[in-house]
Amino acid sequence: MDNILKTLQSIHAEYDYSASDDYIKDAMLDSFDIVVLVEKLEDTYAINIDGADITPENFKNLSALASLIKKYADGPKS
Amino acid sequence: MQMVQNHKLTNKKISGILSVVPKHMVRFIDEIDNYGFSKEKCIDLQRTIGFNERRIVKDDECGSDLCLFGLEYLIDRNLLNKKDIGAIVYVTQTPDHFMPPTSCILHGKLQCPRDVLCFDINHGCAGYLYGLVQAFLLLTIIDKKVILLNADTLSRRSCSYDRNIYPIIGDAASVTIVENSNLGNDIYFNMQTDGTRSDWLIIPAGGFRMPSTDKTREVKVLADGNRRSDDDFYMNGAGIFMFTQTDVPVSVNELFQFAGKEIADIDYFMFHQPNRFMLQKLAKKLKVPEDKMPNNIVEKYGNSSSVSIPVAICHNIADQLLTKQLRICMAGFGVGLSWGTLLMDIGPLAFCSLIEK
Chain A
1 MDNILKTLQS IHAEYDYSAS DDYIKDAMLD SFDIVVLVEK LEDTYAINID
51 GADITPENFK NLSALASLIK KYADGPKS
Chain B
1 MQMVQNHKLT NKKISGILSV VPKHMVRFID EIDNYGFSKE KCIDLQRTIG
51 FNERRIVKDD ECGSDLCLFG LEYLIDRNLL NKKDIGAIVY VTQTPDHFMP
101 PTSCILHGKL QCPRDVLCFD INHGCAGYLY GLVQAFLLLT IIDKKVILLN
151 ADTLSRRSCS YDRNIYPIIG DAASVTIVEN SNLGNDIYFN MQTDGTRSDW
201 LIIPAGGFRM PSTDKTREVK VLADGNRRSD DDFYMNGAGI FMFTQTDVPV
251 SVNELFQFAG KEIADIDYFM FHQPNRFMLQ KLAKKLKVPE DKMPNNIVEK
301 YGNSSSVSIP VAICHNIADQ LLTKQLRICM AGFGVGLSWG TLLMDIGPLA
351 FCSLIEK
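Top to bottom, those sequences are chains A and B.
In case it helps, my numbering puts the first sequence at residues 1 to 78.
In case it helps, my numbering puts the second sequence at residues 1 to 357.
Every clue listed holds true.
EDC-like mimics (lysine to aspartate or glutamate), calculated; alpha carbons at most 20 Å apart, straight line:
id: 1; chain 1: B; residue 1: 83; chain 2: B; residue 2: 115
id: 2; chain 1: B; residue 1: 220; chain 2: A; residue 2: 30
id: 3; chain 1: A; residue 1: 40; chain 2: A; residue 2: 53
id: 4; chain 1: B; residue 1: 285; chain 2: A; residue 2: 42
id: 5; chain 1: B; residue 1: 39; chain 2: A; residue 2: 30
id: 6; chain 1: B; residue 1: 285; chain 2: A; residue 2: 50
id: 7; chain 1: A; residue 1: 6; chain 2: A; residue 2: 30
id: 8; chain 1: B; residue 1: 41; chain 2: A; residue 2: 42
id: 9; chain 1: A; residue 1: 6; chain 2: B; residue 2: 40
id: 10; chain 1: B; residue 1: 39; chain 2: A; residue 2: 14
id: 11; chain 1: B; residue 1: 284; chain 2: A; residue 2: 50
id: 12; chain 1: B; residue 1: 41; chain 2: A; residue 2: 16
id: 13; chain 1: B; residue 1: 287; chain 2: A; residue 2: 42
id: 14; chain 1: B; residue 1: 285; chain 2: A; residue 2: 53
id: 15; chain 1: B; residue 1: 41; chain 2: A; residue 2: 43
id: 16; chain 1: A; residue 1: 60; chain 2: B; residue 2: 224
id: 17; chain 1: B; residue 1: 41; chain 2: A; residue 2: 33
id: 18; chain 1: A; residue 1: 40; chain 2: B; residue 2: 40
id: 19; chain 1: A; residue 1: 6; chain 2: A; residue 2: 22
id: 20; chain 1: B; residue 1: 284; chain 2: A; residue 2: 53
id: 21; chain 1: B; residue 1: 287; chain 2: A; residue 2: 39
id: 22; chain 1: B; residue 1: 284; chain 2: A; residue 2: 74
id: 23; chain 1: B; residue 1: 39; chain 2: A; residue 2: 39
id: 24; chain 1: B; residue 1: 287; chain 2: A; residue 2: 50
id: 25; chain 1: B; residue 1: 144; chain 2: B; residue 2: 72
id: 26; chain 1: B; residue 1: 284; chain 2: A; residue 2: 39
id: 27; chain 1: B; residue 1: 41; chain 2: A; residue 2: 39
id: 28; chain 1: A; residue 1: 60; chain 2: A; residue 2: 22
id: 29; chain 1: B; residue 1: 41; chain 2: A; residue 2: 30
id: 30; chain 1: B; residue 1: 284; chain 2: A; residue 2: 42
id: 31; chain 1: A; residue 1: 25; chain 2: B; residue 2: 224
id: 32; chain 1: B; residue 1: 285; chain 2: A; residue 2: 43
id: 33; chain 1: B; residue 1: 287; chain 2: A; residue 2: 53
id: 34; chain 1: B; residue 1: 284; chain 2: A; residue 2: 43
id: 35; chain 1: B; residue 1: 41; chain 2: A; residue 2: 26
id: 36; chain 1: B; residue 1: 285; chain 2: A; residue 2: 39
id: 37; chain 1: B; residue 1: 285; chain 2: A; residue 2: 74
id: 38; chain 1: B; residue 1: 41; chain 2: A; residue 2: 14
id: 39; chain 1: B; residue 1: 39; chain 2: A; residue 2: 33
These are calculated hints, taken from the structure and not from any lab test.
All of these numbers come straight from a predicted model, not from anything done at the bench.
Next up, chain B with everything else stripped away, as it sits in the complex (with noise of 0.2 Å):
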């Protein structure tokens, strides 16, 4: 039975990627009082789970900061001309405001011309995904360059005695740079969602089903002994497991049926970064080689929810991009419930590499 819906797309491509990550770093090591762990299980869990060092924004930093310096950086260097973006398309679940988009924010900051299309797209960790289809279907309308932009600072809506949670999270932006292609490359790709389990990765106030206030603010002990607020970032992290360990490889084996290909035809599985133990079971389980799935991200930079995609190719392949074309297999999973996988080849990029602000 077909449980899953593929798609194909063609003659789009990536033709460069940025990732923007903040030179402030905070260490697991650190932190270690917050959270009740003894020093024993402290070294344990850097080794199966990598939890290590992070970037976080620092003060009242903001996604389009990043942004904003990432796009400057590309103009600069002359590897972006604001007179060839059609469009704007900005992920991430820490916006600016309520209103307006984000994506308009840095329209104006940019002086973009008024013809630039903007949208925002409220996604988490499938989000990369989520904002790459959007990018290729406007080049369906429009023949110009369609800028990706994702960018989170969940650090700043986590609590910091939150163990589930604040050991992985980083903050992190990319710029993805997409416009149409005449090479004929085949794009695959599937996508779904869950809303039954919506309530699984979820900020319950601050919006307008719970306003935030004083009460939703504290902190409280939970029965597991965590410690969190209302207004903060909570994640059933053992359902999301199962959902990583479930429902994930089957997107995945869907899309290379789909696709006619195999595990050993692609080069690199840049996967979303949830933590080192999650990849490695799920790269066992999809009899990926680990070296082909890299999990290092979360214990350099964090979790960065829908750019640790990017973060992890500009960290761990960017020079093999600059130079040739590779088959990617991409998967995001997560808020929603949202999960995808994308198969598509990439390189050589006019730019692939990883900043910091």
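Isolated chain A, as found in the complex (with noise of 0.2 Å):
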């Protein structure tokens, strides 16, 4: 958790990631930042998102991240 809230914040230092459970709705995380997120968490985790998973919904809080990255994490490596 710590390591993708790490990630977060180098994107937007300026918000308080643990402290919301919708970082869409609450308006912390764009598009573009999901695209560059995507590219971080990657490159961090050695892992490769499939783009049919880069949705809002597996984007919205750190549990989302959590369990998207423990998906391929714990994956086949593609």
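Build the complex: two chains, separate frames, hints provided.
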């Protein structure tokens, strides 16, 4: 979780990502931020997130992001 | 279960492709104050999405002006003879007028004979495939050359403050000559439409459903902080991203199965160029090596809708296509929503280049 928080804050240092349950609704991540976040998460965790998983739902909060990363970290490497 | 209707044509070929881009260049870095992005975010977006330089028309220049420039370029160099033209197919979302068809205007400017058929097709990012298929089908009744023209100047209908649209939009035109062939080469394609998502890419006002008024022309600040008017081009960016990552791979995979081909059989995947990130993700999903699917057009010219495939071809593989045959897979996807995949051998071509007007 700490690594994910650090990555989020590298995009927007001004937001407290631990205090929101919906980054999209709270306007803390827009679609461009998600693209940048995907790239950073892929680098950090050595994963390849399938384009079909790049949905607002999978990026809405820390728990959703942790589940997404776990899915790829635990799954076959592509 | 068969989800896609696949088709096969034979004995048709592309004999030349010319792309025309405006000389007028604009740079993302000069526009960032319009979008409210921080400098750091701009650097990230340049790297990931490919926001950089784009070619757009100046003032009131139209797509047909770029096409006419390209056609005269070919005629002046004896690469096209007006007597050989059997039909003109003009694909655009930015016609000169609601009426007459822009193909007819070009027919007049070229002083073509009266038996040259003229068609306008209103299509966007899948429009190169729609135009090619229409041109191939015309060749079943016409034994002359069919001139496929693709042109768009959507920069003229995009709000310069709209960060979803304006940093990627480019203007361009292309001339593709299609004719019958006795080489027996097979052309495989499929095309699909989902009109329930037709409002995902739309210019809401300015037609007959919502005529342009002072109110529709007013630029509004939207809930997400973005800005545009109802007269401007709107894109549901998140929806379109999902569409390209889910529907498009199905179309490609189904066509390969129908054609009995493997990804490794293809020399190049010349796909519509929405942005670098989307294409990188598509390439990974389809297991296509990145060097076989160029994604460098948005950063050099911008996304020019149906013209982006010919621009990608002329920019990246023109030299090869002048000397040899390549097996090319094209995919177009966008407004409609419409999408499709086409697989064919192209080359050696009589001409293949990108010129500036």
